[in-house]
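Listed in order, the protein sequences are those of chains Z and R.
For what it's worth, full-length UniProt numbering labels the leading residue of the first sequence as 1, then goes sequentially.
For what it's worth, full-length UniProt numbering labels the leading residue of the second sequence as 1, then goes sequentially.
Don't read these hints as lab results, they were simulated from the structure.
Incorrect hints may have been included.
Restraint ranges, calculated between C-beta atoms of paired labels, are given here [as the list claims (entries may be wrong)]:
id: 1; chain 1: R; residue 1: VAL222; chain 2: Z; residue 2: TYR177; range: 38 to 46 Å
id: 2; chain 1: Z; residue 1: ALA174; chain 2: R; residue 2: LYS82; range: 25 to 33 Å
id: 3; chain 1: Z; residue 1: SER57; chain 2: R; residue 2: SER231; range: 44 to 52 Å
id: 4; chain 1: R; residue 1: SER181; chain 2: Z; residue 2: ARG142; range: 57 to 65 Å
id: 5; chain 1: Z; residue 1: ASP181; chain 2: R; residue 2: ASP237; range: 51 to 59 Å
id: 6; chain 1: Z; residue 1: LYS56; chain 2: R; residue 2: CYS141; range: 48 to 56 Å
Which chain Z residues stay away from chain R? Per the calculated CB distances, all over 12 Å, these [stated by the list, open to error]:
id: 7; residue: GLU45
id: 8; residue: LYS90
id: 9; residue: ALA93
id: 10; residue: TYR103
id: 11; residue: PHE107
id: 12; residue: ARG142
id: 13; residue: PHE155
Below 30 Å or equal to it, Euclidean Cα-Cα: the simulated DSSO-like pairs (lysine-lysine) are [said to hold, decoys possible]:
id: 14; chain 1: Z; residue 1: LYS90; chain 2: Z; residue 2: LYS129
id: 15; chain 1: R; residue 1: LYS68; chain 2: Z; residue 2: LYS129
id: 16; chain 1: R; residue 1: LYS210; chain 2: Z; residue 2: LYS114
id: 17; chain 1: Z; residue 1: LYS101; chain 2: R; residue 2: LYS82
Predicted, not measured: the structure shown is a model, and the values here were computed from it.
Positions of the beta carbon are idealized from the N, C-alpha and C atoms, including for glycine.
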Amino acid sequence: MSSSTDSPTLTTETTQLSPQPDTETAKPTKKITLKSSDNQIFEVEESVAMEFATVKSFFEDSPSTDTVPLPNVTAKPLSQVIEFCKEQIKFKANPDEAQKKKYNAEFVTEKSDKDLVDMIPVANYLEIKDLLDVLNQAVADRIENKSVEYVRSFFGIDNDFTAEEEAALRREHAWAYEGVDED
Amino acid sequence: MALSLSRYVWPYGQSLASLFKERSQKEREMSIAMTTMPGNLLSTEDVVIEILSRLPVKNLLRCKCVCKSWHAIITSPNFISKHLRNYYDKSDSDCLLVQNCVAQAGELESLELLLDETPRVLSYASLHMMPFHSPFLCGPCDGIFYMYRYYSDFRALWNPAINELRYLPPIPNPPSSFSYSPQYDAYGFGLHPVTKDYEVVVLKDLWREKVEERGGRYPLRVFVYSSSTDSWRHWGDL
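When you get a sec, could you build the whole thing from the sequences and use the hints?
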C-alpha cells in the first residue's frame, strides 16, 4: 500500500469515528477502532480490544488515541481474532470450561490451514496468549505424523538442504520416517 | 519480528504531540513497508518453537530436515529442555520402560518401550548396537538412561526417545602397580541442575596388581563423567 492513499484515509476515518463520550453515555461500552494494514476499519468494544495486550499497552501509553493502527495485521485474520476474543469475553463473564473448550475446538476445526497459519503471527503480535495456545496446538495437531514434504508445504518453507545433506539426515534416524501418514 | 506498537507512542506532553505527529506517521508508513514484505509469515522463531515443542519426538526427528533453521531450533539445548517440560506437563503422557526377556533361542534380551502410550518394541535392527545382554539400567533422568554392562567395561547414556546411544570413554587407568578389583561399579547418574550436564559418578575399588601384595584396605577411586566434556575426571579417593 502506498503512503499517498494511506494518509488521507486515516484523516477521514478519524473524523468519522471520533468518540463522542457526552452523547454516548447511554451506551454501556466504549468502542475502539482498529485499523488493519490493508486499511480496513474494525470497531470493537473496549473489553474486546483490551484482550489484545499490544493494544492495551498502546492505550495505557496514549489514552487519547482514537484509532489504533495495526501495521502488521491484515483484515481477514484480524476479523477472525476479534471473533475469537468476543467469545472469550462471554466465557469470562460466565465461566464454563466445557463450553469454552468446545468453542475453542470448533473455532480451529472449521478454519483452513491457511487461516490458522495467518492468524498465528497476528495473535503473537497482539499478544493474545489464549488464542496463541489454541492455534499453536491446532497447527501441531495438523502436522503431527505428516511427511517432511507435507510440513514444508504447510508452512511454505523452502528446503535449503542439499540432496546429500538431506539424505544424511534421513539416514540418521531412518526409523522416524516409517509409519508416516499419507499426505 | 514486528516493531512493537509502543514505539509510536511519544512520552512527551500533549503540546508536543503535533510536532511529532508527522514523524510518527512516517514511521508508521515505514513499518508498514517493512512488515508487508512478502514471504513466510511463520518465520518468527518463537512461533516455530511453540508449535514444534508440542510434537512427539519422532516427528521432531523428521522435522530436522525441513530446513536449516528448523534443524538449528530442534537441536538447540533450550528447545530440548522446553520440549521435555511440555512433555512432562502433559499429565496423560507416560514413559514406561519395561525390561523384558524376549526368549530368542534363550539368549537375547530385549527392551519393550512404551512411549506416549504407544507401545513400540524396538526392532532387532535398532537393537543391534545396544548392550541388551544383562545391562544395569539407571534412570530415567530428564529422559536419559545410564547403562552399564559389567563384563566388558561398557558404559553408555541412552536416549530411548530417539534411540540414540552415547558410549562413554573408558574409566582412566589405575595408578601403576594397582588395578581395579573385579567388583561391579558402584554408580550414580543425574542431571547437574546448573550446568544441565548429565553426570555419572562411578566408584572403583583399587587393589594391588600382584596377588601376594594384596591385603588391607585401599582407597575407593571416584570418577565423574560429564556429558558436556564427554570425559571422566578423577574427583578424589575415599
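Going down the list of hints, with the structure as the test:
One distance hint, 38 to 46 Å for the beta-carbon pair VAL222(R) and TYR177(Z), holds here, with the actual separation near 43 Å. Range check, ALA174(Z) to LYS82(R): Cβ separation about 26 Å, and the 25 to 33 Å hint holds. Between SER57(Z) and SER231(R) the C-beta distance comes to about 50 Å, which sits within the given range of 44 to 52 Å. At about 58 Å, the CB distance of SER181(R) to ARG142(Z) agrees with the hint of 57 to 65 Å.
With their beta carbons about 57 Å apart, ASP181(Z) and ASP237(R) fall inside the hinted range of 51 to 59 Å. Checked against the hint of 48 to 56 Å, the C-beta distance between LYS56(Z) and CYS141(R) comes to roughly 42 Å, which is inconsistent with it. Once the 12 Å rule is applied to beta carbons, GLU45(Z) is consistent with being away from chain R; the minimum gap is 19 Å. Every CB of chain R is more than 12 Å from the CB of LYS90(Z) (nearest about 26 Å), matching its label as outside the interface.
For ALA93(Z), the shortest C-beta to C-beta distance to chain R comes to about 27 Å, beyond the 12 Å cut-off, and the non-interface label holds. Distance to chain R confirms TYR103(Z) as a non-interface residue, since its nearest Cβ pair spans about 20 Å, more than 12 Å. PHE107(Z), annotated as away from the interface, keeps every beta carbon of chain R farther than 12 Å; the closest lies near 17 Å. Not every C-beta of chain R lies more than 12 Å from that of ARG142(Z), the closest at about 10 Å, which undercuts listing it as non-interface.
The beta carbon of PHE155(Z) sits about 5 Å from the closest Cβ of chain R, which is not more than 12 Å, so the claim that it is off the interface is violated. Taking the CA atoms of LYS90(Z) and LYS129(Z), the gap is about 17 Å. The hint holds against a cut of 30 Å. With a C-alpha separation of about 28 Å, the suggested pairing of LYS68(R) with LYS129(Z) holds against the 30 Å cut-off. Restraint check for LYS210(R) and LYS114(Z): the C-alpha separation of about 75 Å exceeds 30 Å, so the hint is violated.
Proposed proximity of LYS101(Z) and LYS82(R) is supported: the alpha carbons are some 25 Å apart, at most 30 Å.
Of the numbered hints listed earlier, those contradicted by the structure are 6, 12, 13, 16.
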